[in-house]
Amino acid sequence: MQTVKMVVTGPFSAGKTEFIQTVSEIDVVATERKITSEAERIKETTTVAMDFGRITVDDNLVLYLFGTPGQKRFDFMWEILSEGMLGFIVMVDSTRPETFREARSILETFRAYAPTPYVVAANKQDASDAWSVDDMRIALRLDPKVKLLPCVALEKESVKNVLLELLYSILAEMEANSR
Amino acid sequence: MALKGNLRDFTISQLLNLIHLAGKTGSLTVDGTGDRAWVAFRDGKLAYARMESEDDGLVAILYRAKKLTRAQYKVIKSRSGTMSDKELGLLLINANYLTQEDILASLRNAYVSVLERLFTWVEGLFTFEDGFPPLDGKITLQISLENIIIDASRRLREWEQLQDEIPSLDVALKFTDRPGADLRNVNLSVEEWRVVSYIDPKNTLKKIAAATKMNDLEIRRIVYGLLQAGLVEMVRPEGAKMERKKPMLPVSDPEEQISLVNRIIHRIRSL
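Residue numbers (this note's numbering), protein chains in the order written: chain A, 1 to 179; chain B, 1 to 271.
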């Protein structure tokens, strides 16, 4: 059986676990613990090691989706998780501008680990207080060439779109390299 | 008994607080990742400090403080021989080279600067030995730790924020292609202009800091401002060897790799 992996990263509470859960054919192997920090108590649990989802492509190929822990004190896991990835997705909570700076920093860190293709997913775009994608691009200081995609991690079509856009970028890079 | 530990578990501000509140006399050695700091305290006050990588002689300190020109520095250095800092200080005052205030202020800044740098160390083995160490003719001071701790804690918060924003100095800068971004219309300080003059995808921030004689905090502070203003963006330095962690693909042939990605695309579409 052949396997490939993609990584879903982003700040704490950006929606990484939900994103993977929405498309994974297995129950996500989540390693969640109760939040201990008061400052980060905006949800009950957080991922401390990784989330792990699976999509069987065909009889010979499986795609694994790995979600990184969002809390900064677990960032030692990031490099390990990024090893050999096909590409990565940076999830950003569109309703929490206070996390944009950290998202930018995570993006830079992952680019340094492995300069593979990536996309940025502006999650929670269905919320009334979500920042527009255009405003987020400026706030996140993203180059116009970087794909910043509206996303609702709980909706399958939305998650599929993000994954497909990343795959198109991977394909484009492979085709360019093979020329 | 010596106090031993790691800054990871007991921070430098906790250590200084302890020394300050207990009015301790002794010497603190901290082995950081790239340097070693050695600091002496008397009755809970800072008396002397040095970094192992730096010349801690009085002449070098005065030169770094711009109290001596390069020519003066060279002459005094070659003629001072085995003279102690105390003797040399007296000589400089008597020869009307410098005042006592000049010398004390330069030493104070140098000692405090060592502690300020220590505040940026998140890891390092430390040992505090009781008893005032022999300092062989060095000039010791009595600097209260309270303000240093408060100032440094403030800077530490800024440092942490800047490190989040600019995690590494091994990146380079390039001017943004944003239409309307014109440096001629922006008011920059002298320091900012100095940094701007070195902006080139070939120059890492480390190189720019060395060329402009700025420390990690200063260069990060200026680059952060330029980034926020949208004038520059961080890029991988040109010609830098990229430790490229290639994707682990089960097939090596480019055509097969493309086919593999197409299979994944097909599957995702069908979900």
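Derived from the structure by calculation, the hints contain no laboratory data. Keep in mind that a hint or two might mislead.
[What the hints assert, rightly or not] DSS-like, lysine-lysine: derived pairs with alpha carbons at most 25 Å apart:
(1) A:Lys145 / B:Lys174
(2) B:Lys138 / B:Lys67
(3) A:Lys147 / B:Lys67
(4) B:Lys202 / A:Lys145
As the structure is a computational prediction, the values presented were derived from the model and not from experiment.
So if I understand the rule, the pair passes when the alpha-carbon distance is 25 Å or less; does Lys147 (chain A) with Lys67 (chain B) pass?
54 Å, violated
Need the status of pair Lys202 (chain B), Lys145 (chain A): alpha-carbon distance at most 25 Å?
Given that 25 Å is the threshold and the Cα spacing comes to 22 Å, the pair holds.
So if I understand the rule, the pair passes when the alpha-carbon distance is 25 Å or less; does Lys145 (chain A) with Lys174 (chain B) pass?
Given pair Lys145 (chain A), Lys174 (chain B) holds - Cα atoms ~16 Å apart, limit 25 Å.
Below or equal to 25 Å on CA atoms is what counts here, so check Lys138 (chain B) against Lys67 (chain B).
18 Å, holds
Violated hint: 3 only; the structure is consistent with all others.
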